[in-house]
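In terms of our numbering, the sequence shown opens at residue 7 and continues consecutively.
In case anyone wonders, no lab produced these hints; they're calculated from the structure. Wrong hints could be hidden among the right ones.
[Stated by the list, open to error] Dumping the calculated BS3-like pairs for lysine-lysine here, alpha-carbon to alpha-carbon at most 30 angstroms:
1. 70 <-> 179
2. 121 <-> 239
3. 112 <-> 164
4. 391 <-> 306
5. 179 <-> 121
6. 189 <-> 121
7. 306 <-> 74
8. 70 <-> 164
Given the structure is predicted, the values throughout are model-derived calculations rather than measurements.
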Amino acid sequence: MEKNLDREEMLALIGGAVKGDGFRRATFAGATRGYSCEWVRVVIRPVELRGDRHFQFAYQGAKKAVTKNFSPDELDAPLDELVGYGFAGVHITTNGEELDVRTSRKGRVHVGRHKPKSPTELSEPEAHNRVKDVPLPEGRADALLEVMGVSTPDGRVKPTMRAKFTQINEFLKQLRHVFGDAKLADLGRELRILDCGCGSSYLTLAAHHYLNDVLGVPARILGVDVNEEVIRKSVERAERLGASNLEFECRRIGTADVPADIVIALHACDTATDDAIAQAVRSGARLFLGVPCCHHDLNKVISATGPAEVLRPVLRHGIMAQRAADLVTDAFRALALRITGYRTDVVEFVSTEHTARNLMIRAVRGASAAHAGEAEHVAEYIELKRFWRVTPYIEKVLGEPFQQLVRASTL
């Protein structure tokens, strides 16, 4: 059916469908017939943020992509703006129908209606974790995943990026798991997050997107790394996303005290993980998430002497000695965090089919901070040092305050 529709009539047609209870998705694309527009495609979908219905607008342009969430009360202005652009094609899916609105060069509007492809789908807003309980589900357009090259514009994960997609979601699930325990939503201000050894910043950007755009929790993130090239690329990605409160700096971990509520260190090499832990402790961070990478420090010094002589059959073989040193290093780290007042556990990050470095140290500083220097944990730490006849780097980098906690507990 073709007709002439003015802007108000077009807004009423599109707005009525988007605001309806059965709305599922709207896509604006094609040439624009109205005023100048930097976007080539805009996707609207209902999402649930903190139990309330919102509308997510994913703006995709030639050089950047931006995602914004609006409450029902805020919807009129962005919808009016979209209609003003005059996209040639608008496709809207609801539980009851598929609505196609096509505008010709001469301004004639063709409106097509037909039954939806999946009429049995529920009409409630899609929770971000509904599909396989992942924070960033597959099959939905996501500007972040597209800019990072993980998915196509329509939400399909690229085969070569499947492992990275899994890694991103597993990290966000771990963050979500301990977020409430750390009472991070009750600060009354934006979160301050420090990413130590941010590398290519896939997980940095994912955390920023998930907190700010999905959960609606204001968060400012600083990523630091010693590699100038990866910092440059990270800055470029952030600019393409139009992300605010996201910065990157080229410097070593721990070279400056930065206030932080969350400290993350994902695949930081060797003792860089210890430096990040020390940064978290000095900052009084409520949450630390670390995925250690290569371990070299203890691997060079542990030996089958003294009490550890019983492990000579293990340490005789290089690969087994290396893995033993890895486990001992991370055990020292977990104990040090417990001694400094963190409730700490060590979990599997992702399956080994995605990465061999799949151990995560999770530490939450809450009520347990009052139990810093607990005698039981100090005794375990001292006995582990005695058994292996080593002083771990984590003790050195935590310095005198940590050593005082250990000494005080033994008096």
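Hints versus structure:
For the suggested pair residue 70 and residue 179, the alpha carbons sit about 27 angstroms apart, so the restraint of at most 30 angstroms is met. For the suggested pair residue 121 and residue 239, the alpha carbons sit about 45 angstroms apart, so the restraint of at most 30 angstroms is broken. Taking the CA atoms of residue 112 and residue 164, the gap is about 39 angstroms. The hint is violated against a cut of 30 angstroms. As the CA atoms of residue 391 and residue 306 are separated by approximately 15 angstroms, the hinted pair is consistent with the 30 angstroms bound.
Proposed proximity of residue 179 and residue 121 is contradicted: the alpha carbons are some 36 angstroms apart, above 30 angstroms. Only pairs whose Cα atoms come within 30 angstroms are accepted, and residue 189 paired with residue 121 is rejected, the gap being roughly 46 angstroms. This hinted pair does not check out: residue 306 and residue 74 have alpha carbons roughly 50 angstroms apart, beyond 30 angstroms. About 20 angstroms separates the Cα atoms of residue 70 and residue 164, which keeps this hinted pair within 30 angstroms; it holds.
Hint violations for this structure: numbers 2, 3, 5, 6, 7, all remaining hints satisfied.
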